[in-house]
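Asks: So the chains spell out like this:
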Amino acid sequence: MTLIYVITRIITLPGAFFRTLWQLLVCRVCSIAAFDTRAFKFSEMCGHTEHELLNENPWKSFFICWFPFTMNFILSFYFLSGSAYQLIYVGDTKNILSYLFLWFGISFAANCAPSFEDMLSFKDSVYGRKNVFLKIIFAPFFALFCAMSCLEKYSLTFLMAVAYGVCFPYIFGWGLPVLSLFQSIL
Amino acid sequence: MEDEKVLENNENIGNNENSVATENTEELNKELEELAELFRKELAKTTEEFETGGEVESEATEGSESVNDEEIADEPEGEPLLCALCGESYENGKEGICEDCLKDLRNRPFGFVNVLLVIAIGVLGIVAMRGFWDNVGGYALAYEAKAQFNMGNISSAKTAYDNAISYFEGKEINARNLYFESAEAIFIQMSEGSVSMTDVADRVSKGFDDSALPMPQYTKYKNMGNEALVLYGTMQSFYDIVNKSEYQQYTADDRAMYNSIMKELDALIGAPLEIQTVDGKLKEVTHNEAMVYFCQYMFAYTSGKTYEAQEYLAKVYETEPDYLWLYAYEYALSSIGAGDIETAEKLAGSLIEADRQDVDGYSLYSTIARLSGDADKAIEWTDKALEFDPENAELLRLKAMALVVKGDPEQAKEVIDEALTYESYGILYYTSIVIENELGNTETVEETVSMLQSYGLEVSDRVNSYLAGKITTEQLFTEGTGDVE
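Top to bottom, those sequences are chains A and B. With the first letter of the first sequence counted as 1, position 176 gets the number 176 in the numbering used here; the numbers rise by one all the way through. Each number in the numbering used here corresponds to the 1-based position in the second sequence with 186 added.
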């Protein structure tokens, strides 16, 4: 399983690398000790930054899960917008840049999930406390992070990202007439 | 004596020695006893200590099972440990690392190279979004075309696809998927006959340029394009036969020549036909059987052989029921004429199911409703179709006939006059004659008849019967063919 996991991280190299980078950035901003910042290592922590446990602080543990997820998701959206419509929707297969951006888009989408350990830290820091308000507001985030980190354990996020990339133009196609109208106004 | 003295001395020495030895032995014994006493005391003490120390040890063993990860992680204060990074001993730390090293790790710099990489990916992201923004108008047109196609509005989809293709051709972008999908929309309708067939083949060919990868989803379009080429080739073979020099003098009365032409057309079924496929290869296929029957239907119909024409049309239906565009409307009309309303309704439903904007389907439903005497329903069906094609003269004519059946000739006149502004052909004028006669405008009727005669057109038998008073308008529009012819 670790071998498959590492292989999918290598295939989605840009996404894995930048996830490590975003986690390092959070560690730096939130003063979290980062032990191992290598993006690629032959273990289940490949594509993640190894850092000190964050069971005490719910906001730090939330940030370390949420920030890389959001940044990679936004980047996947940018790159898939610039490639999936041209390549998959319209069928222009002559543009080489589209293939590169499609790879970037799928890579970032495949590396949104936090590590299983980070997800457990988040769970312990929020649901190990008595603060009901925190439990409620973090509930949807926890559900998302839990589902994604569990899927990533079995490298299923890679398959999901490929499906997401192929279906991207059809998922967000409803916004095209609005954007076109906006462009004509500008 | 000396010996005795020696012996005595020896005895004395021995006695002395014995006394000394005795004294030493006693002292030794005394010491040994003291040592033994000491040993006994020490042994007792050690035994006591051992017994109390085992209880303490057992308590420690039980307690360690309940220690959780946090307690293990937090090292007991006061116990000196070695830092895993710097190797120095420390008292306060976490996860095997001293406080100073933890402080350094918390302040680990982000790195200049990492900053550059973030900037680089940001720039690439902007380039990607810029590429999307430049073509968002075309993507929106493609979205509209696909949405219309998925809703079954084939006519609107065709127009939207053409707009999208023009957009991308203007930017020199090969919109392969749009070529294929628009070809499919045209293939469903084939509204312009042979022109549509060549259009389908051209669009599919454009999609198969040199850089096309052999993707499995494109096989469907390739087969569709080749099928359109076979249909076109079959039609060309038909024209080649009827335009032969020996048939130049053909008239509808010449039965021998008619049979000869039909025999040659029969021979096309199964005969080889060479086409250049959409991907540029020469391929030998056979003529399309359904298209041969349709060509025979056209020839028989134009030769006035109505009954035989219907037979050929039935063969088209049996051979290729999916080619609704080829036979459905005409076959439904002939079914109506034969009184088979059920078949006509089924075909009308199939036409609308294939294309929600198929005017022929709505026309058939309107005709069926009018024949059954339900004028309101007939008007409703024509109004639905007029939403897609408001300038369709035939739809307006059907509406006018339904209005006459309903008993509103004034409104029927407005509708038929509007139809005549868009088109001018025989049956439109015949319908106009009937409506003007209903309104009592005999002068207008005579003028129209004269105008038609000046063009060499005679009023149809059914209209003549109506003008002669042999049948009423209701009988004209609801019985027999239910039409002016």
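What the hints contain is simulated information worked out from the structure, not anything from laboratory work. Only a predicted model underlies this, so the values are computations on that prediction, with no experimental measurement involved. All residues carry an ideal CB built from backbone N, CA and C; glycine is no exception. Among the hints, erroneous ones may be present.
As the list claims (entries may be wrong) - Result set (DSSO-like, lysine-lysine): computed pairs, CA atoms no more than 30 Å apart in a straight line:
#: 1; chain 1: B; residue 1: LYS289; chain 2: A; residue 2: LYS123
#: 2; chain 1: A; residue 1: LYS94; chain 2: B; residue 2: LYS357
#: 3; chain 1: B; residue 1: LYS469; chain 2: B; residue 2: LYS491
#: 4; chain 1: B; residue 1: LYS289; chain 2: A; residue 2: LYS41
Claimed, not checked - Covered stretches of chain B (in silico footprint by chain A; criterion: 3 or more residues with CB under 8 Å from a CB of chain A, positions within the stretch not fixed):
#: 5; region: 582 to 592
#: 6; region: 625 to 635
Asks: Each hint: holds or not?
Replies: Evaluation of the provided hints:
Between LYS289/B and LYS123/A the CA atoms are separated by roughly 26 Å; this keeps the pair inside 30 Å, and the hint holds. About 13 Å separates the Cα atoms of LYS94/A and LYS357/B, which keeps this hinted pair within 30 Å; it holds. A C-alpha spacing of about 36 Å is found between LYS469/B and LYS491/B, which places the hinted pair above 30 Å, so the restraint is violated. The straight-line distance between the Cα atoms of LYS289/B and LYS41/A is roughly 25 Å, inside the 30 Å bound, and the hint therefore holds.
Check on the region 582 to 592 of chain B: 0 of its residues sit with their Cβ under 8 Å from a Cβ of chain A, so the three-residue criterion for coverage is violated. Closer than 8 Å: that is the beta-carbon criterion, and the region 625 to 635 of chain B has 0 residues meeting it against chain A, so the requirement of 3 is violated.
Consistency note: the structure conflicts with the earlier hints numbered 3, 5, 6.
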